[in-house]
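Asker: Okay, here's what each chain looks like letter by letter:
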Amino acid sequence: MSIEIEKLRYVYSPKTPFEKVALNDVTFTIEDGDFFGIIGHTGSGKSTLVSHLNALTRVMSGKITVDGVDITPKKIDFKALRSKVGMVFQYPEYQLFADTVEKDVEFGCKNIGIADAECKERVKEAIELVGLDYEQVKDRSPFELSGGQKRRVALAGVLAMRPKVLVLDEPTAGLDPKGKREIMNLVRDIRKSCPTTVMISHNMDEVAEYCNKIAVMSDGKLYGVFTPNELFGKGELLKSLGLSVPKVTSIANRLADCGFDIDRGIVRADELVKAIENAVGGKGAEKCAT
Amino acid sequence: MRDVSFGQYYPVPSPIHRLDPRTKLLSVIIYIVTLFFINTFTGFGIAALFLLIIILISKVPLGKVLKSVKAVLFLLIFTFLFTFLFVKGEPDKLIWEWGIIHLYWDRLFVSAKLCIRLLLLVLGPALLTLTTTPMELTDGVESLLKPLALIKVPVHSLAIIMSIALRLIPTLMEETDKIINAQKARCADFDSGNIFKRAKAMLPVLIPLFVSSFRRADDLADAMDSRCYRGAKGRTRMRVLKFRFSDFVMLFFMAVLLTAMLFLKYNWFNWAFIAVLV
Ligand SMILES: Nc1ncnc2c1ncn2[C@@H]1O[C@H](COP(=O)(O)OP(=O)(O)OP(=O)(O)O)[C@@H](O)[C@H]1O
Ligand SMILES: [Mg+2]
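From first to last, the protein sequence lines are chains A and B. For the first sequence, the numbering used here begins at 102 and goes up steadily by one. For the second sequence, the numbering used here begins at 21 and goes up steadily by one.
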């Protein structure tokens, strides 16, 4: 399922002293099966951009087509759109409200009018998909779970609607390194049933490791859409946009600075290991020793 | 929802914005008192002109200030109709009569004056909130009420409660916005069905909102504790209120306005020109 965005522009509080252009002339396409990363400094308009994808923010000027359907008109089928584009916000655990995990997860599913029996099945599937034990958690209160578990329950609540595209706004914010890794592995597993994923992230390591395309936002404008290797090879450009390169890339850069024959755009640990193996014994080694 | 930003502070640089909040509070009080002494069209005219000049100096668009009248428009119309239509005036001023409805020339003037006074009463405080942030206002109120601490009124605590409440309103609005969006993303439907259905539909918003408010209050209490907050005793301020020259100028003009209006009303020295004006 593809999403096409054309000349999107959005202004907060237009015609007041608080006017703020959050998006300006943004055009790109997310294709079926993409793991699409969106990066950019704080306030660059990433959240505003993705909230357009399921019509939580309405198109002010420009055009968005989701799965061939134009979502620009005032009246659209919100339920169909929002169950197709599953949106998980930053800190989704703060939206839990029901007295049991099961009831919370089935909220979205019920809202789109799925019959109870099928809903139960979907809930079970979703809870298991996020790596929780269905029997163990279904009757517990979501408020007594740990932070990481809450986030999984919130994620399950969106997955129970069986979306075709999953949109994640900083899914790993506020988690420890282990929690981050777990959530990211989970997202990778989820892609088996929901292959198109859009993810906002401030963590370059995650973006580099998981995404196949990366959009760079800066001050409401789209700087461009790149593959990880293309993008992180441009260390200087990223720096000028207030962004950094992944750890792996910075190691590759340091080695290249020392004269090793290593590509500066390397983003994955295994690629780096291979490149080092190739380069070791090369002519750079003596240089670095001095 | 955040579009309806709390309060109506209009951020432009102007001499009125820069005035000490205490000056502005006192000025508004003087202004209101003055209005109650005024009873003639000349007086209202002078007061309106005075207000207009202040508005122009404040650089707040006139439309913004007049918008605050909307809230009391209904009251204004009702006041006018009731005091004009249903009350009898001097017999020789009768225009037209039908059942309980009487139109008298003198009542028309009385009602008009009443409405003008109401109008001017609303505009003054409106300009105050347009040119002063809620935080400045609380600081001003606290400072003005300080003498009450002598009779054991917990002025400082009240002020800090007020400023925390004011501070948290936009935060809560933002939070509400986020939660509503999150539930909408799960296809929650907030605007269909009858009133009970709609009230029930708000539960998925209210519960997380309460939970997060309690969490926030807890965190804030911890943060205040860990910064050794103990109430007013020995506490200094970051923004120290200070009267400047312009504050004295403002208060001077307010005093002039009040005195002028008192003269206009009582004409203590029987000056002939006042008699003509009235
Ligand atoms: N509801 C709102 N009202 C007014 N301005 C807003 C609102 N939401 C966001 N903005 C402004 O729009 C701009 C873009 O905000 P947005 O939340 O999309 O940024 P972001 O890239 O997601 O940032 P972050 O990385 O911090 O999440 C910011 O300058 C922000 O101040
Ligand atoms: Mg954001």
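Hints in this document: simulated from the structure, not taken from any laboratory. Treat the numbers as computed from the prediction; the structure is a model and nothing was measured. Positions of the beta carbon are idealized from the N, C-alpha and C atoms, including for glycine. Certain hints may be false.
[What the hints assert, rightly or not] From the structure, some residues in chain A lie toward chain B, with a derived Cβ separation under 7 Å: (1) Lys116; (2) Ala156; (3) Leu157; (4) Gln196.
Asker: Hints first: check each against the structure and report whether it holds.
Answerer: Tested hints:
{"no.": "1", "hint": "Lys116", "in the structure": "violated (11 Å)"}
{"no.": "2", "hint": "Ala156", "in the structure": "violated (9 Å)"}
{"no.": "3", "hint": "Leu157", "in the structure": "holds (5 Å)"}
{"no.": "4", "hint": "Gln196", "in the structure": "holds (4 Å)"}
Violated hints for the displayed structure, listed by number in ascending order: 1, 2.
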